[in-house]
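*Asks:* Okay, here's what each chain looks like letter by letter:
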Amino acid sequence: MRELLWLVPALPLTGFLALAAGAGRLPRPAVGVVGVGSVGLSLLTALAIAADFAGPAAEGAVFRQPLWQWLAVGDVAVRFGLALDALSLTMILVVTGVGFLVHLYSLGFLAGQEGLNRFFAYMNLFVAAMLILVLADGLLLLYVGWEGVGLCSFLLIGFRYRDPATVRAARKAFVVTRVGDAGLVIGLILLVVSLGTLDIAALTEAAGTRWAAGDALPVAAAALLLAGAVGKSAQLPLQVWLPDAMAGPTPVSALIHAATMVTAGVYLIARMHGLFALAPPVQTAVAVIGAVTLLLAATGALAQTDIKRILAYSTISQIGYMVMALGVGAYGAAIFHLTTHAWFKALLFLAAGVVIRRLGDEHDVRGMGGLYRHLPGAFVAFLVGAASLAALPLITAGGWSKELILTQVWAAGGGGPFLWLAGTLGAFLTALYIFRAVFLVFFGPERTVPGGATPATMLAPLAVLAVLAVVGGAFPVPAFLAGSLPVPATGRAAGWLFGAIAFGLPLLGIYVAYEIYLRRRTAAAGRREAPVPARLFGLWQRGWGFDALYTAVAVRPVGWFVRVNRGDAADALATGATAAGTAGHRWLSRTQTGRLRWYAGALAGGTALVLAVAVLA
Amino acid sequence: MQVTFYLASVVALLATAMAITRTDAVHALLYLIVSLLAVAVVFYLYGAPLAAALEVIVYAGAIVVLFVFVVVMLNLGREAAEQERRWLHPRIWVGPGLLAFVLLVELGALLTGDGPAATEVVAPREVGIALFGPYLLAVELVSLLLLAGIVGAYHLGRRPAPEEAGR
Amino acid sequence: MTPMPVMEGLLLAAALFVLGLLGVLVRRNILFMLMSLEIMLNAAGLAFVVAGARWGAPDGQAMFLIILAVAAAEVAVGLALALQLFRRTGTVDADAVAGLKG
Numbered sequence: 001m002r003e004l005l006w007l008v009p010a011l012p013l014t015g016f017l018a019l020a021a022g023a024g025r026l027p028r029p030a031v032g033v034v035g036v037g038s039v040g041l042s043l044l045t046a047l048a049i050a051a052d053f054a055g056p057a058a059e060g061a062v063f064r065q066p067l068w069q070w071l072a073v074g075d076v077a078v079r080f081g082l083a084l085d086a087l088s089l090t091m092i093l094v095v096t097g098v099g100f101l102v103h104l105y106s107l108g109f110l111a112g113q114e115g116l117n118r119f120f121a122y123m124n125l126f127v128a129a130m131l132i133l134v135l136a137d138g139l140l141l142l143y144v145g146w147e148g149v150g151l152c153s154f155l156l157i158g159f160r161y162r163d164p165a166t167v168r169a170a171r172k173a174f175v176v177t178r179v180g181d182a183g184l185v186i187g188l189i190l191l192v193v194s195l196g197t198l199d200i201a202a203l204t205e206a207a208g209t210r211w212a213a214g215d216a217l218p219v220a221a222a223a224l225l226l227a228g229a230v231g232k233s234a235q236l237p238l239q240v241w242l243p244d245a246m247a248g249p250t251p252v253s254a255l256i257h258a259a260t261m262v263t264a265g266v267y268l269i270a271r272m273h274g275l276f277a278l279a280p281p282v283q284t285a286v287a288v289i290g291a292v293t294l295l296l297a298a299t300g301a302l303a304q305t306d307i308k309r310i311l312a313y314s315t316i317s318q319i320g321y322m323v324m325a326l327g328v329g330a331y332g333a334a335i336f337h338l339t340t341h342a343w344f345k346a347l348l349f350l351a352a353g354v355v356i357r358r359l360g361d362e363h364d365v366r367g368m369g370g371l372y373r374h375l376p377g378a379f380v381a382f383l384v385g386a387a388s389l390a391a392l393p394l395i396t397a398g399g400w401s402k403e404l405i406l407t408q409v410w411a412a413g414g415g416g417p418f419l420w421l422a423g424t425l426g427a428f429l430t431a432l433y434i435f436r437a438v439f440l441v442f443f444g445p446e447r448t449v450p451g452g453a454t455p456a457t458m459l460a461p462l463a464v465l466a467v468l469a470v471v472g473g474a475f476p477v478p479a480f481l482a483g484s485l486p487v488p489a490t491g492r493a494a495g496w497l498f499g500a501i502a503f504g505l506p507l508l509g510i511y512v513a514y515e516i517y518l519r520r521r522t523a524a525a526g527r528r529e530a531p532v533p534a535r536l537f538g539l540w541q542r543g544w545g546f547d548a549l550y551t552a553v554a555v556r557p558v559g560w561f562v563r564v565n566r567g568d569a570a571d572a573l574a575t576g577a578t579a580a581g582t583a584g585h586r587w588l589s590r591t592q593t594g595r596l597r598w599y600a601g602a603l604a605g606g607t608a609l610v611l612a613v614a615v616l617a
Numbered sequence: 618m619q620v621t622f623y624l625a626s627v628v629a630l631l632a633t634a635m636a637i638t639r640t641d642a643v644h645a646l647l648y649l650i651v652s653l654l655a656v657a658v659v660f661y662l663y664g665a666p667l668a669a670a671l672e673v674i675v676y677a678g679a680i681v682v683l684f685v686f687v688v689v690m691l692n693l694g695r696e697a698a699e700q701e702r703r704w705l706h707p708r709i710w711v712g713p714g715l716l717a718f719v720l721l722v723e724l725g726a727l728l729t730g731d732g733p734a735a736t737e738v739v740a741p742r743e744v745g746i747a748l749f750g751p752y753l754l755a756v757e758l759v760s761l762l763l764l765a766g767i768v769g770a771y772h773l774g775r776r777p778a779p780e781e782a783g784r
Numbered sequence: 785m786t787p788m789p790v791m792e793g794l795l796l797a798a799a800l801f802v803l804g805l806l807g808v809l810v811r812r813n814i815l816f817m818l819m820s821l822e823i824m825l826n827a828a829g830l831a832f833v834v835a836g837a838r839w840g841a842p843d844g845q846a847m848f849l850i851i852l853a854v855a856a857a858e859v860a861v862g863l864a865l866a867l868q869l870f871r872r873t874g875t876v877d878a879d880a881v882a883g884l885k886g
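Residue numbers (this note's numbering), protein chains in the order written: chain A, 1 to 617; chain B, 618 to 784; chain C, 785 to 886.
Just chain A, same shape as in the assembly:
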């Protein structure tokens, strides 16, 4: 069964090619069948492989499937191949599973809209690229997948390309992640130049033997890889693109910007844990970035009024949790949270999509209210997702994964307790903002009445994801991942106080949200709903001013330079040659006066010159 590994990325890729080739010629039902079916078949293949390989993987087995040799230059040979271990098996199940559910949902979401063919083509390509990314056994093939998901993100954010704001958002996403990608490429070059190979296993081994922890080279390489991860996963300081990326259709936000692409950075750091272990300063940086980001984004989510932007900031925050866990070496916990987050965040987005669609494309929560009566399915789904996000203990998958992270963060050496404090505060804010959304959208006075009905293709995925968001914590994911990721050393013990805090904080957050957004709101007829001073609230809503900062520091100077260089100074080399030629022609033409005496004089002058040579030489 495991030999079918190559089919897992190949099936969505074939789907993409079929849809691209048959653009405009396939009837709508066929497009849906091809688009959803390819990912579905990939999921079945992945499940079959899991049935066969899960056992060996948990004990650390790695199945390698070489594909072909791409090029051989001198003594550097680049081979493409797939590697399956516990980590990548987990990732492909997440990607194909959530991917299939989102594809199914999209059938209903995009019903009656144009561009279905293009949509499923891009989505299939995205799934294929993401699978290549997680299955790659070499950093070069990983980078191919990395670029592929970046491209598809751009294409899918800008799906409704006729709207200029959407195009701007897509471009912003691409450019910001590009900054990170540049760092990643430089890191790859650094690695291949100093270690001679890009094969991940060989590279990790070579790094371990050749470098000591804290050397300049591994620190530099790890820092550059971190730059790439920060860009793709929307962490500080490159987090500005994700809220704007919500301009894309909701299924895109659910799949790409919640469950899969933004987790690519987390996967990268986890996969390269060997390298990061040799760079303790970078690991500290990773943990700090994660902690700061999760707080920053949680406050941002609290102040948003667009329901998708709330979820976007929430994603940034939750990935901050994963990154923080990676920084302290809790790799298993981070990936566990990645899987539970994929379930409940996709669930939240898809439920929000139902609300948006039924309200006639209304995104603003201030235009919603009291919808639990009209949209029971979406209400239950959103509630379950919110509970899992808020990490209600024991009964939600999110609760298990977040609790594991916080425990292992507290146990970590050095500044573990500070990170734990950030994570705990973040948990309180998380419960607060997500139940703010719940109360504003589904309770309180009605503002807009929903119309139409929700098709089954949209409700079925919601049901599956809801179940997963609740019971998914029972899967022994961290233990399974111990087959390929290191387990952190046990440190400080977490006493009964931690259990109490883990139990109480989410409930406290829910209660505060209930107070502010339900009781007082219905009473005071929706006046000032901000729990903090308005200036601070405004700053949170603007994402702590990062957009303004980047516009002033980067965008304006580039714009100025483009304006100044309108004549294209670099092109002057080529145009200069033609200009010089033309000028030379015009100058020399002036010697052709057509006058007899002038030509005679020229003859005499030439003679004088030649004689001068004879006289002087």
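Be careful, since some hints might not be right.
[Said to hold, decoys possible] Listed next, with one range per pair, are the computed distances between beta-carbon atoms:
hint, chain 1, residue 1, chain 2, residue 2, range
1, A, His-585, B, Arg-708, 22 to 32 Å
2, B, Val-738, A, Val-613, 18 to 28 Å
3, B, Thr-736, A, Ala-612, 26 to 36 Å
Hints are computed from structural coordinates only; laboratory data are not their basis.
In this text, a Cβ means the ideal position worked out from N, Cα and C, and glycines have one as well.
Add chains B and C to chain A, keeping to what the hints say.
*Replies:* Just chains B and C now, kept in the frame of chain A:
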């Protein structure tokens, strides 16, 4: 003898200078004749009587006469003389004068140097023998050239017929 | 005959040549240009004769004869052209026929 040479040289130079600066064509031609005669004297002094004779007969006697014919044919009147005066303003001499001076200096630098002087007279008889001997081919070619000159001059100088006057 | 200095003779030829060149460059009237051209040719012939006298050989005068013939042919054709020019353009200005300009 040398005094005669220097006198003749001065006359030749002065006459040439006058010839190129006159506004009236006929005056210029007359000065040209004087110059040519002075050069003929120089030829005789250098022991080349045939050259002296040919200079007078052909150069001064045929070529300059040809010039006179054309001047008369063109019948350039008073307005032409006025035009010449206008064309000959002093500023026009600067550039060519400089160029000519440079050329003269260079030629002078190349031509200075002592060597044996000319001492014999080369009689016409020897020149004739040379022409019918080693230079026979050259003479034949020159005759061809003269034929071409005649034909060319006749054709180019033809007055166009009335029906082809537009061409 | 008394020995004649060769250098002075050649210098005279050079001076006459340069004067002729000056005439070609300065005058605008075609006839004067042709006349100056004749002066230049004459100077060249003088040089040849002086050179032949220095060696006591008839070659100098033979060359002079040939130059003479060439000058005659050239004057004939040149004057014919000048006539044609005058008939077609009504002027003897050499600068008026600058059709090869550019």
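*Asks:* Could you see if the CB distance from Val-738(B) to Val-613(A) stays within 18 to 28 Å?
*Replies:* Once the Cβ atoms are compared, 38 Å apart, the range 18 to 28 Å for Val-613(A) and Val-738(B) is violated.
*Asks:* When you take the CB atoms of Thr-736(B) and Ala-612(A), is the distance between them in 26 to 36 Å?
*Replies:* holds, 34 Å
*Asks:* State, for the Cβ atoms of His-585(A) and Arg-708(B), whether the hinted interval 22 to 32 Å holds or is violated.
*Replies:* holds, 30 Å
In the structure shown, a violation is registered for the earlier hint numbered 2 alone.
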